[in-house]
Amino acid sequence: MIGRKPWVPWIWLSPALLLLGVFLVYPVADTVRRSFQGPRSEGWVGFDNYQFIIDNPQPFVADTHGAILNNLFWLIGFPLIVVPLGLVLAVLTSRVRYEAVAKSTIFIPMAISFVAAAVIWKFMYEFNPEIGTANAIAGELGRNPTAWLQDTRSPTGWLTKGTPDGGWGPLQVNNLALIGIGVWMWTGFSLVVLSAGLKGISTEVLEAARVDGANEWQIFRRIILPMISPTLAVVTTTLVILALKLFDLVWVTTGGRFATDVVATLFFKEAFVVRDYGVGAALAVVLLLAVVPVMVLSIRRFQFQEEIR
Amino acid sequence: MASRTMNNSVPAAEERPAAGGRLRGLLARMPLHLVLLGFMLLWSLPTIALLVSSFRAPQEISASGWWTALTPPWDFTWNNYDAVLNQRGMGRAFINSLLITVPVTFLVLLVAAMAAYAFAWMQFPLRNTLFLVMVALLVVPLQMTLIPVLRLYTQLEIDAEMPIIGGRIFGTNSYAGIWIAHTAYGLPFAVYLLRNFFGALPRDLFESAYLDGASDVRVFFRIVLPLSMPALAALAIFQFLWVWNDLLVALILLGDPDMAPMTLRITNLVSSFGSQYQLLTAAAFVSMAVPLVIFFALQRYFVQGILAGAVKG
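Taken in sequence, the protein lines are chains A and B.
Counting from 1, position 65 in the first sequence corresponds to residue 65 in the numbering used here; the numbering is continuous, with no gaps.
Counting from 1, position 195 in the second sequence corresponds to residue 195 in the numbering used here; the numbering is continuous, with no gaps.
There's no promise every hint is true.
Computed, partial: chain B to chain A, Cβ under 10 Å [what the hints assert, rightly or not]:
id	residue
1	L45
2	T47
3	L201
4	L280
5	I294
Take a look, some chain A residues computed to stay more than 10 Å from chain B by CB distance [what the hints assert, rightly or not]:
id	residue
6	P15
7	P27
8	F60
What the hints contain is simulated information worked out from the structure, not anything from laboratory work.
A virtual CB, placed ideally from N, CA and C, is assigned to each residue, including glycine.
Assemble the whole structure, with the sequences as input and the hints as a guide.
Encoded structure:
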């Protein structure tokens, strides 16, 4: 608008800025402050709460090391499965006529809540092989039933039907079972985004390569992969943030029991069950610090997109 | 936006079968079809198991696998749905979910569109910095904000009964409280998405409208919003599903069981009726019904939203 008064933009922005300030900016600052205070936010305690996370003095009540390791395991394992799987499925679905149906089928779990997914998988992972689908299939393969969500053995311990070995850190049967739920829920996202990326590649380039005698693997490796690497970056970033902030999935399935706690669930327990706001806030700050590098990366990418706009 | 390329021809690498090679082509592609169909089966199996089980009698669910119900004699029943909808307060929870979700979706769209219009078409100091801060807020873990918000709500509590819909006027256990909180949490993504869409609208339109003396309000309602329907639709679907599927915010801000949405009610069912699968499966399916209907009816917009907002964590 010509001759717009200087205060006009702020009127349009004010509801959003007010809400963001009250519900996101202020809480972040407040949480940082509380992380240096006692359990009831009384008195300053310096870095004691962070020392608590490092020393892990109550491994059976609040296993801070276990939670951080589990989060790391998710951080690496979850995108490492979901991104390649989505890419393979995107390539495969692009070659069949029932592409739309195939994509919808894999995408549907994205639309449902973690709560409903938890019920679905509690049922799939049910111990009784007469009821639980996973154990029924395992039974057909000659295995005794497994308590999928409770079993803390390593996969090798599971394969050799051993007793809990505990030497594998977060590499536990139940963590893998939980990641399995995550993969079920999020592969559709990876598939849909990567599939759109694939379609952005011009057919002429691919045809030209074929005319020049490139085989399908070379085309994938030398043309498709480099050309969708920005899309791969977007998908991976999203999944990494998701894995870092992971809460609902663990909370509604195991509640963090059986050594499946991640930082966000442990934070929740400290803050709302144990009622030690200090340690809870420190855990939240750790989570935020872990997200910062990812945040910087997405801002860089955003600025880059602005420049080429 | 990548979605614009969705309708382009597929970069299919499929070999063109020579004359009479049709069957051979089909055979050569069998592994592809088998792998894909295998994945499709694997991905739908858990949901099918839930659906089939929700129609079985309690004694059958706990005695035999859901797959045994697929062969005759079929013996399905609506009883579980009856029990869930009538006896466990699920009907009320369903209404609560709507009472929470619909206003939030509307509020997010309105507040975000206003901010996005300013970011896209107005000049003011710190414009880019403010926008970057907002993009950064996309990754703040929601849990982190709950304690301060809870304390704030306790201080600002207005402890009188809200007419018609119930609950307090404001504070914890108030619909207004959860509307505002959810709206705030949805804003970073919504403003980001709409700002990008508004910014891509043709400049000429705005210039001629401004020259004709149109006010910002007029331009916003007559040009920006009507032209942005696809983005608004995608955003509305997303926002609706996020809030409908939310557990955490409801868990913290709504302690009153009469105000609990579906997700919270089902979580409580899980802890109190851990092994009564007939109730759990039916309840879970009721909560999934709305998202699934929305998904199938508006799939195109849903996918657009995913593509436009691929940075949301």
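Verification of the hints:
1. For L45(B), the suggested interface contact is upheld, since its CB lies about 7 Å from the closest CB of chain A, less than 10 Å.
2. Interface hint at T47(B): satisfied, since its Cβ lies 7 Å from the closest Cβ of chain A, which is below the 10 Å cut-off.
3. A least Cβ separation of about 13 Å between L201(B) and chain A goes past the 10 Å threshold, and the interface hint is therefore violated.
4. Hint status for L280(B) relative to chain A: holds, with the closest Cβ pair at about 5 Å, below 10 Å.
5. Hint status for I294(B): holds, given a least beta-carbon distance of 7 Å to chain A, under 10 Å.
6. At the 10 Å boundary, the C-beta of P15(A) falls inside the reach of chain B, the nearest C-beta of that chain being 5 Å off.
7. Its beta-carbon lying about 4 Å from the closest one in chain B, P27(A) breaks the requirement of being farther than 10 Å from that chain.
8. Every beta carbon of chain B lies more than 10 Å from that of F60(A), the smallest distance being close to 22 Å; the non-interface claim holds.
Checked against the numbered hints listed earlier, the structure breaks hints 3, 6, 7; every other hint is satisfied.
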